[in-house]
Every structure is written in C-alpha cells, then in structure tokens.
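Dock chain Y against the given chain E, drawing on the hints supplied.
There are 2 protein chains.
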Amino acid sequence: MASTHILSAYDEELKYLNRRISEMGGLAEQMCGDAVRALVNSDTALAQKIISDDVILDHAEREIQDKAIVTIAKRQPMAADLREIIGTLRIAADLERVGDLGKNTAKRVIAVQGTGVPRKLARGLEHLSELALVQLKDVLDVFASRSAEKAEIIRARDEEIDAMYTSLFRELLTYMMEDPRNITSCTHLLFCAKNIERIGDHATNIAETIYYIKTGAQLEGERPKDDTANTVGAPAE
Amino acid sequence: MASTHILSAYDEELKYLNRRISEMGGLAEQMCGDAVRALVNSDTALAQKIISDDVILDHAEREIQDKAIVTIAKRQPMAADLREIIGTLRIAADLERVGDLGKNTAKRVIAVQGTGVPRKLARGLEHLSELALVQLKDVLDVFASRSAEKAEIIRARDEEIDAMYTSLFRELLTYMMEDPRNITSCTHLLFCAKNIERIGDHATNIAETIYYIKTGAQLEGERPKDDTANTVGAPAE
Chain E
1 MASTHILSAY DEELKYLNRR ISEMGGLAEQ MCGDAVRALV NSDTALAQKI
51 ISDDVILDHA EREIQDKAIV TIAKRQPMAA DLREIIGTLR IAADLERVGD
101 LGKNTAKRVI AVQGTGVPRK LARGLEHLSE LALVQLKDVL DVFASRSAEK
151 AEIIRARDEE IDAMYTSLFR ELLTYMMEDP RNITSCTHLL FCAKNIERIG
201 DHATNIAETI YYIKTGAQLE GERPKDDTAN TVGAPAE
Chain Y
1 MASTHILSAY DEELKYLNRR ISEMGGLAEQ MCGDAVRALV NSDTALAQKI
51 ISDDVILDHA EREIQDKAIV TIAKRQPMAA DLREIIGTLR IAADLERVGD
101 LGKNTAKRVI AVQGTGVPRK LARGLEHLSE LALVQLKDVL DVFASRSAEK
151 AEIIRARDEE IDAMYTSLFR ELLTYMMEDP RNITSCTHLL FCAKNIERIG
201 DHATNIAETI YYIKTGAQLE GERPKDDTAN TVGAPAE
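Going down the list, the sequences are from chains E and Y. Take 1 as the starting number for the first sequence in full-length UniProt numbering and just add one per residue. Take 1 as the starting number for the second sequence in full-length UniProt numbering and just add one per residue.
Everything hinted at is true.
You can't tell identical chains apart in this list, so a pair holds if it fits in one copy or across any two.
Dumping the calculated DSS-like pairs for lysine-lysine here, alpha-carbon to alpha-carbon at most 27 Å:
#, residue 1, residue 2
1, LYS137, LYS67
2, LYS214, LYS67
3, LYS214, LYS150
4, LYS15, LYS74
Hints were generated in silico from the structure; no laboratory data involved.
Next up, chain E with everything else stripped away, as it sits in the complex (with noise of 0.2 Å):
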C-alpha cells in the first residue's frame, strides 16, 4: 500500500515534468511561428512581444531543472527511469533554445523593417519555417508517445529542411549579387533561414533523446545531414 502511494506520488512528478515540457514545446513552436510572421509583415510589436515572451522559457526550464533534482534526490530512482528525468531535463535545454532562436529572429525584424521582405524569399522563410515547426510539433507528440521507431523516422525527416534551407541560402546570396542595396538585410534573413533551419536540429537532438529515453542506446549511424550550404561557392573540383 505504502509502495502504491509512493509510486504513484512519483508518477505524478513525472506527469508534471512532461506536461511542463509539452507547455514549453507550445510556447517554443508559437513563438519561432510569430516570429517569421513578424518578419514578413514587418510587425515590430509581435516582434516584441516575441522577445519578452523568451523569458518564460527561461523559467520553464530552471523549474524543469529543480524539480528533477528534487524528484531524483526523493524518489532515487534506477537506470531507466534516471534516463527517463535526465532525457527530460535536456529536451527542456533544447526547447529552451528553440525559444531562443525565434527571440534572434524576432530581434532581426527592426533591421529587415526599411527594406521588405521580397515575396518569394518571403515564401522561402515561410515554408522553412513551415517545415521545421511540423518537425519540432511531431517530435513533441513522439515524447509524449514515447515511440523509439518514430523518433528514428523524424531524424530521417531533418535532410527535407536541411536540403530547402541551402536553396534559400543560394537565393539570399542572388539577391544580395543582383543588387548590393540588398545586402544588410538579405544577411538578416541569412541568419534569420539559418535560425528556423537550427530549429530542425533541435527537433533531431529531441528524437535522439527519445530513442535514448526509451532505449538505453545511442540511435546509430551518422545524423542525416545534407548541409551543403556550408560550402556553396566552393571551387568545383
């Protein structure tokens, strides 16, 4: 009896640290959505509202990390369900920096104000954006499911961004050729395309922890990774 109530004490700490992280996933995933909002209607009031929110995050997850110690130094719990609050405390330092990336997107919609966003790179970040929030919402559910197989199919997802990011690097740098007037802000929006595309990482690093939670192992091979945007404008060889 006295071993139910304990377990079940536990279970709801356990409960609490997820929900805490699904309300952070909520908050991570609003804010990068605004802030490519923000910058494509050049809306500095979302844009504020963006970075001031971040500090919520902040919050989220030092609390995350007081209660699992709290939980671990009460309960002593063993391997499994040690990788289980040591697995959630670094999904909540990625949410975190999720939070942290739209803060700098939002933060870059002042300087990219005066000039506009071109409708088609607009299009771009929208659909960059598009697909790493998918990413980042499906992996969050795989949390919640706590599927290994899932979390191995939405690593395999991370090229698709990866691959749309680099065509949207290669048409900033047109844009910035074409006319030099282009190029401060088409630097914003680099960053801006580089920021949503980190998002994806996240996602990644969410899925491996996942697979780690759940498994006790490491997911194998080499992440998939088509970052050729690190090396546009090599020579060819």
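Just chain Y now, with coordinates in the frame of chain E:
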C-alpha cells in the same frame, strides 16, 4: 570504515567526470582555434582533421552522461551533489556544442578557399577567436576551482566579445557592398564570426552552471549582452 570507502569511491567518480570535462574543454578549445587557423591559411587538411575530431567530443558527452546516470543510481546523492552531477552534464553539452561550432567553421574553409580572406578580416577573426577561447579556457579553470564569484566575473566579460563581433559584422557588410564578388565568401565568414561569438555564449552558460552548482541559485540579472549586430542596418529612429 565502510562509509569512508564508499565516500572515496564516489569522490573518484566525481573526479573522473571532472577530468573528462577538462579533456572535452581542451579538445573543444583546440578545434575552435585550429578552425580559425585553417580558415585564414586555407588549410583544408587541418579543416578535415577538425571535422573528424568532432566525433571524439560527441562520444565523450555520451560517456559522461552514461557515467553520471550510473553514479546517481549507485550513490543516490542528495541535493548539492546532484546539482554537481547535473551541472556536469550541462557543461558537457555546452562543450559538445562548442566542438560543433568549430566543425562548422572548418566546413566553410573549402567555400572560402578560392577567394582568400583579406588580411584585415583575418586579423579580426583571429582576435575575436582569441577573446572567445580565453573566455572558454578561463571558465573551465573556474569550473576546476568552483568559484561562484569568478564565474560571475567571466559572465560579465562576454559583452566584449559581442561588441567585437558586431564590429566585424559591419566590416564584412562593407566588404560585400564594395565588391559583389566578395559576397559568397564574406557570407561564410559572417557565419564563422557568428560561430566564434557563440563560443562566448557557451562560456557564459558554463559560468552560470558553475554558479548554480556552487550556490543552488541562478545568477541574478539579465546577461550582459551587446547584441547590436542583430539590428545593424535598422532605420534610425
């Protein structure tokens, strides 16, 4: 007698974790310093070495995580000791990420190779890198000494790196505007500069983690942040 024995085995485990962190720090530092050297000297062989060394950091982080979980499960440490182990995991994650930044810079060596890095920009990147790597080295020394006061001082120094990054950012934009043929290579250099600036942010993270390990509290106040590079080109108010 038995309790002394257990205590000392536990101390050995903590020492092991600390030694691994210090090794990770040394390698991450070296990779990032080498990456800038490879960039400035168009040294693709060195770049290739950095790219393959990154896997060592990835493995070290996983090993630290596995060891930390075993230590927690076996020793069932209480609050302060748990903070120490959880903090060590956070620092390992920061160092793994610093290695990624070095690797990303190394990957851009090929893209920049054909065009060469103008001497003045090379000096700028080297100087930024020196500042960031001193910051990283110093924060790892503070980790060894566990001084909350020194952690606070290191954190305050990040502003200098941010200011130098902003100045390099402006200079790179100028090069691009002067001659559109510089656009592709300067864009890669912009990302390299950003990578180096991010090393400073990770040193700041580590400083905050040391403070947390030592005091159980979060460092008060906003991070000192001169991130005006985000708004370079913003219309004057």
